[in-house]
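Can you make the complete structure from the sequences, with help from the hints?
Numbering that gives the first Met the number 0 puts the first residue of the sequence shown at 0, with every later residue one more than the last.
You may find that some hints are simply not true.
[What the hints assert, rightly or not] Distance windows between CB atoms, simulated:
#, residue 1, residue 2, range
1, Q52, D108, 27 to 35 Å
2, D49, E11, 17 to 25 Å
3, Q57, A36, 12 to 20 Å
4, D111, K15, 17 to 25 Å
To be clear, the hints were calculated from the coordinates, so they are not data collected in a lab. Don't be surprised by glycine CBs; every beta carbon is placed ideally from N, CA and C.
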Amino acid sequence: MATPPRLSASTEEDIKHKLLTRIVLGAAWADGKLDEAEVSYLNKILLDQDTIQDEEIQALLRDPPSAYQLELWMVQYLGCTDVPERLGALAQIANLLMSDGEVSTIEHDFLDELHSLMSQIPPRLQTVQKTTTDNIVTSIGKIVRQLVKSATSRS
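Shown next as structure tokens:
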């Protein structure tokens, strides 16, 4: 299998940044809704990042991403990040989920499972065997599907 071309550092950082923004927005829908405090927190982040006008971002503020799409973003992000970046992502997601002063059981379970999964995935998946990558994708899919199922059953 050929090695993919290496992206420039700024391009790679831009990709990781956009993936993280998508994941944070997807995680905001963990309990099946965006409340006022979460929207306010998200708008502050998006204004700081100068991404508030992005059409894809606006769509994610109106409607949650599909479970499949969130899985893809998580696989892509976790595949190109190291431990400090992942912990920063987890902190950003946790801050968002706590922005309304309440962390639901669904949101808490999501954070716990995401943290557990992150700790099991070696940094920079490009160097990992395909079977390990397939297992990671399966684990991410399971977490996201449980999240969606829990959020849907509460609605």
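Tested hints:
Separated by about 33 Å at the C-beta atoms, Q52 and D108 satisfy the suggested range of 27 to 35 Å. In this structure the supplied range 17 to 25 Å holds for D49 paired with E11, their Cβ-Cβ distance being about 19 Å. At about 19 Å, the CB distance of Q57 to A36 agrees with the hint of 12 to 20 Å. A C-beta distance of roughly 23 Å is found between D111 and K15, which places it inside the suggested range of 17 to 25 Å.
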